[in-house]
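One letter stands for each residue in the lines below.
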Amino acid sequence: SAVISQKPSRDICQRGTSLTIQCQVDSQVTMMFWYRQQPGQSLTLIATANQGSEATYESGFVIDKFPISRPNLTFSTLTVSNMSPEDSSIYLCSPGLGGHNEQFFGPGTRLTVL
Amino acid sequence: AQKITQTQPGMFVQEKEAVTLDCTYDTSDQSYGLFWYKQPSSGEMIFLIYQGSYDEQNATEGRYSLNFQKARKSANLVISASQLGDSAMYFCAMRGSGGGADGLTFGKGTHLIIQP
Numbered sequence: 001s002a003v004i005s006q007k008p009s010r011d012i013c014q015r016g017t018s019l020t021i022q023c024q025v026d027s028q029v030t031m032m033f034w035y036r037q038q039p040g041q042s043l044t045l046i047a048t049a050n051q052g053s054e055a056t057y058e059s060g061f062v063i064d065k066f067p068i069s070r071p072n073l074t075f076s077t078l079t080v081s082n083m084s085p086e087d088s089s090i091y092l093c094s095p096g097l098g099g100h101n102e103q104f105f106g107p108g109t110r111l112t113v114l
Numbered sequence: 115a116q117k118i119t120q121t122q123p124g125m126f127v128q129e130k131e132a133v134t135l136d137c138t139y140d141t142s143d144q145s146y147g148l149f150w151y152k153q154p155s156s157g158e159m160i161f162l163i164y165q166g167s168y169d170e171q172n173a174t175e176g177r178y179s180l181n182f183q184k185a186r187k188s189a190n191l192v193i194s195a196s197q198l199g200d201s202a203m204y205f206c207a208m209r210g211s212g213g214g215a216d217g218l219t220f221g222k223g224t225h226l227i228i229q230p
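Sequence order for the protein chains is A and B.
Position 62 of the first sequence, counted from 1, bears residue number 62 in our numbering, the numbering being contiguous throughout.
Position 8 of the second sequence, counted from 1, bears residue number 122 in our numbering, the numbering being contiguous throughout.
The shape of chain A in the complex, shown without the other chains (with noise of 0.2 Å):
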């Protein structure tokens, strides 16, 4: 399996900020995953980023609050805007790496917004 870091780990954020996540992954992968976990929940998907291409979003999460990056094979961007209580979640990113009998994920960002 890939190695695929996350940065930050962990942050606590202000209300009405932003914070960028950054997904690593030291292989090329087409597909990256972003998805949501809110506190005692599952988890769910908040856009699939192609490289080379608009993201895709799921129902319920639209571009302005989370706008994506993928500007190259290797690393993707997640930020969440004009962060309030309700986006307190662990994040993590999953990148598609060719097999469709696997799917790993990052170790996740755990974020708090105070």
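Among the hints, a few may not be true.
[What the hints assert, rightly or not] Each pair of labels, with its calculated beta carbon distance range:
| # | chain 1 | residue 1 | chain 2 | residue 2 | range |
| --- | --- | --- | --- | --- | --- |
| 1 | A | Q38 | B | S142 | 26 to 34 Å |
| 2 | A | K65 | B | S142 | 25 to 33 Å |
| 3 | A | E86 | B | E170 | 43 to 51 Å |
[Unchecked claim] Listed below are the simulated DSSO-like cross-link pairs for lysine-lysine, each with C-alpha atoms no more than 30 Å apart in a straight line:
| # | chain 1 | residue 1 | chain 2 | residue 2 |
| --- | --- | --- | --- | --- |
| 4 | A | K65 | B | K222 |
| 5 | B | K184 | B | K117 |
| 6 | B | K222 | A | K7 |
| 7 | A | K65 | B | K117 |
| 8 | B | K117 | B | K187 |
Just so you know, these hints were derived from the structure itself, not from any lab.
Remember, it's a predicted structure, so these values are computed and weren't measured experimentally.
By construction, the Cβ of each residue, glycine as well, lies at the ideal position given by its N, Cα and C atoms.
Put chain B on the given structure of chain A with help from the hints.
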């Protein structure tokens, strides 16, 4: 659209016993994949096992096996000889016919506690 149902919010099991975690799914896709993940308190998502809809045999990975009953749309995880380190949240997930191009849909999870 896919849907995953995990009906056991929490389970207590004695160490060394076998554990079965339930998962049922719903999809209109003919081709799909089913996944199980372990999430310890640290928050990381650990991939355990995968079952493809066309796989004829149940998947196994060490102490983990997947009891796949396609007609019943169930994909239960079986952990043999449970250990204290197995205590964690367990999530069942699936993706549809898009294969690696599709994200995963997750169930609500089961909190498994192994007691000594």
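Against the structure, the hints come out as follows:
For A/Q38 and B/S142, the hinted distance range of 26 to 34 Å is satisfied, since their beta carbons lie about 28 Å from each other. In this structure the supplied range 25 to 33 Å holds for A/K65 paired with B/S142, their Cβ-Cβ distance being about 30 Å. About 45 Å separates the C-beta atoms of A/E86 and B/E170, a value consistent with the hinted range of 43 to 51 Å. Distance restraint check for A/K65 and B/K222: the Cα-Cα separation of roughly 25 Å lies within the 30 Å cut-off, and the hinted pair is therefore satisfied.
Distance hint between B/K184 and B/K117 is fulfilled; the C-alpha atoms sit about 15 Å from each other, no more than 30 Å. For the suggested pair B/K222 and A/K7, the alpha carbons sit about 26 Å apart, so the restraint of at most 30 Å is met. This hinted pair checks out: A/K65 and B/K117 have alpha carbons roughly 26 Å apart, not beyond 30 Å. Among the hinted pairs, B/K117 with B/K187 is consistent with the structure: their alpha-carbon atoms are about 11 Å apart, no more than 30 Å.
When held up to the earlier numbered hints, the structure conflicts with none and fits them all.
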